[in-house]
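Chemist: Here's the letter readout for the chains.
There are 2 protein chains.
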Amino acid sequence: MELWFTEYTNKTSGITIKIKRQLDHRVSEFQTIDVFETHYYGNLMVIDGYIMLTEFDEFVYHENLTHVPAQFLQNPEKALIIGGGDGGTARELLKYPSIKKIDMIEIDREVCEVSKLYFKNLSVSFKDPRLNLHYEDGAKFVKNRTESYDLIVIDSTDPVGPGEVLFTEEFYNNCSKILKTGGILTAQTESPFDKEYINPIRQIYKNLRKSFNYVSMYLGHIPTYPFGTWSFAFASNWVDPLKSEIKNSYLPEGLRYYNRELGKSIFTLPNFVKEIIDE
Amino acid sequence: MELWFTEYTNKTSGITIKIKRQLDHRVSEFQTIDVFETHYYGNLMVIDGYIMLTEFDEFVYHENLTHVPAQFLQNPEKALIIGGGDGGTARELLKYPSIKKIDMIEIDREVCEVSKLYFKNLSVSFKDPRLNLHYEDGAKFVKNRTESYDLIVIDSTDPVGPGEVLFTEEFYNNCSKILKTGGILTAQTESPFDKEYINPIRQIYKNLRKSFNYVSMYLGHIPTYPFGTWSFAFASNWVDPLKSEIKNSYLPEGLRYYNRELGKSIFTLPNFVKEIIDE
Numbered sequence: 258m259e260l261w262f263t264e265y266t267n268k269t270s271g272i273t274i275k276i277k278r279q280l281d282h283r284v285s286e287f288q289t290i291d292v293f294e295t296h297y298y299g300n301l302m303v304i305d306g307y308i309m310l311t312e313f314d315e316f317v318y319h320e321n322l323t324h325v326p327a328q329f330l331q332n333p334e335k336a337l338i339i340g341g342g343d344g345g346t347a348r349e350l351l352k353y354p355s356i357k358k359i360d361m362i363e364i365d366r367e368v369c370e371v372s373k374l375y376f377k378n379l380s381v382s383f384k385d386p387r388l389n390l391h392y393e394d395g396a397k398f399v400k401n402r403t404e405s406y407d408l409i410v411i412d413s414t415d416p417v418g419p420g421e422v423l424f425t426e427e428f429y430n431n432c433s434k435i436l437k438t439g440g441i442l443t444a445q446t447e448s449p450f451d452k453e454y455i456n457p458i459r460q461i462y463k464n465l466r467k468s469f470n471y472v473s474m475y476l477g478h479i480p481t482y483p484f485g486t487w488s489f490a491f492a493s494n495w496v497d498p499l500k501s502e503i504k505n506s507y508l509p510e511g512l513r514y515y516n517r518e519l520g521k522s523i524f525t526l527p528n529f530v531k532e533i534i535d536e
Numbered sequence: 258m259e260l261w262f263t264e265y266t267n268k269t270s271g272i273t274i275k276i277k278r279q280l281d282h283r284v285s286e287f288q289t290i291d292v293f294e295t296h297y298y299g300n301l302m303v304i305d306g307y308i309m310l311t312e313f314d315e316f317v318y319h320e321n322l323t324h325v326p327a328q329f330l331q332n333p334e335k336a337l338i339i340g341g342g343d344g345g346t347a348r349e350l351l352k353y354p355s356i357k358k359i360d361m362i363e364i365d366r367e368v369c370e371v372s373k374l375y376f377k378n379l380s381v382s383f384k385d386p387r388l389n390l391h392y393e394d395g396a397k398f399v400k401n402r403t404e405s406y407d408l409i410v411i412d413s414t415d416p417v418g419p420g421e422v423l424f425t426e427e428f429y430n431n432c433s434k435i436l437k438t439g440g441i442l443t444a445q446t447e448s449p450f451d452k453e454y455i456n457p458i459r460q461i462y463k464n465l466r467k468s469f470n471y472v473s474m475y476l477g478h479i480p481t482y483p484f485g486t487w488s489f490a491f492a493s494n495w496v497d498p499l500k501s502e503i504k505n506s507y508l509p510e511g512l513r514y515y516n517r518e519l520g521k522s523i524f525t526l527p528n529f530v531k532e533i534i535d536e
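Line by line, the protein sequences are chains A and B. Using our numbering, read the first sequence as starting at 258 and increasing by one per residue. Using our numbering, read the second sequence as starting at 258 and increasing by one per residue.
You may find that some hints are simply not true.
Identical copies carry no separate label here, and so any pair may be met within one copy or between two of them.
[Stated by the list, open to error] List time: in silico DMTMM-like cross-link candidates among lysine to aspartate or glutamate, alpha-carbon distance up to 20 Å:
hint, residue 1, residue 2
1, Lys268, Asp360
2, Lys400, Glu421
3, Lys521, Asp305
4, Lys268, Glu312
5, Lys397, Asp497
To be clear, the hints were calculated from the coordinates, so they are not data collected in a lab. Please read all numbers here as calculations on a predicted model, not as lab measurements.
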């Protein structure tokens, strides 16, 4: 018997992955979660039919979302993660001794439960006392928050369906209000090769520019995400990554993707990508 | 009816593409060539079951293989292309008014014929009188050549099967001998995410370093190649891309990927890639 999982993009292409066995299937209050053991990619988490992460390449996504901003900060102490229920984003931020507290706002407790069972290399972060897990709606949390943060990381699903609110002008404005002076926000912002996302991506960056002085995009190579290329937004009212220098005196050891040269040059974009977001 | 083409990598994952119709199928002296019209990627050329190019993302591959080296040269006049039968690499180099002559050594005439029929945006280069097409074995051509070049571009198939000879120490040494003073060689060198290619890639760079003083790798985002990430080698006895400046006074207009900032920063690699090629 051969078992294959296939994720289709735009109904016209897809990635197909050979499966050893299905490890979990559950329907939460918010979504359907599946976990597979694969031949090449280690364990694979699928939400509503879309690949969320694999053990093989999650390091690219999580290191990009965290170290790129964290290295521009001198001593980041407080971080807010919206989403990120698998624990990978928290794991990377917890590598900084300067980090004293992380609030992580995951709407779906089941994602964390699944990660504890099948993604121990990510959910290891749940054991760190500096991490405070809140099972709440991220948009509401940010709207009502008065406490402020050095770093906000939006580790969300796509801007269609329940995740849509996390890409709006209002949400970004509320995030901007709870950033400390000097603070930075990063977010995942889809693939620039996806024709159906060109306009949504353009809108995301327009929305960000209404609340932040400096908004830049950077790209990562993520094989199991559509088109193998993923984009991230970097937004701040104080830090322009095109001109600022790396300020963090600490660089975690053992990173597999991020290094400081890359953390600067990663903001240099191909022409077709610049054309999407340039105003 | 739905028609899908699937290319499997390592028998454990693959990319699957929805097809409108098959445009061509022919068996040449060297390989099997198929052409499909797709829904998302325009026309698709497949050789021996592997995706060679699509109209959607061929610009990434061809611009990277050519402008990255050409911009480090003041006035490149003579170029040698090994392979490249679709015409895309020649198309990019012919954008430079300084280019007076290109020798292109394609072993399989049928690839050029197919490109003339279904990839007119690439085979347009065949009409330029500066392009000299030789239907020969690239390795033999280079071995017997005495004429020398400012730029050599190895636009080959994979280092398994007939293309293997184009990755050997002897071939690179022969290339090195016919580079003019100041000249540069580039080559496609597979995906660093492919576990089965980690050792072959390491060997390719070891081989290159035996014939060239400066050997660097750079990466491109190519959705329809395995893992969506492709690597390229830059080799020269005179130009170190990590330290040299862009010297070409001419930059072609309308490029969709390459720009000069990217042409410098593209040599900054993720840690896991550096580990493959660092000695």
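Chemist: When no copy is named, should Lys400 and Glu421 be tagged within, between, both, or neither for a Cα gap of at most 20 Å?
Modeler: within (15 Å within a copy, 59 Å between copies)
Chemist: First find the shortest C-alpha distance between Lys521 and Asp305 inside one copy, then the shortest across copies, and answer within, between, both or neither for a cut-off of 20 Å.
Modeler: neither (35 Å within a copy, 40 Å between copies)
Chemist: Which holds for Lys268 with Glu312 at a C-alpha limit of 20 Å: within a copy, between copies, both or neither?
Modeler: between (26 Å within a copy, 19 Å between copies)
Chemist: Within a copy, between copies, both or neither: where do Lys268 and Asp360 come within 20 Å Cα-Cα?
Modeler: Neither way: Lys268 and Asp360 sit 37 Å apart in one copy and 42 Å across, limit 20 Å.
Chemist: Checking Lys397 and Asp497: alpha-carbon separation at most 20 Å within a copy, between copies, both or neither?
Modeler: The answer is neither: 28 Å in one copy and 52 Å across copies each exceed 20 Å.
Checked against the numbered hints above, the structure violates hints 1, 3 and 5; every other hint is satisfied.
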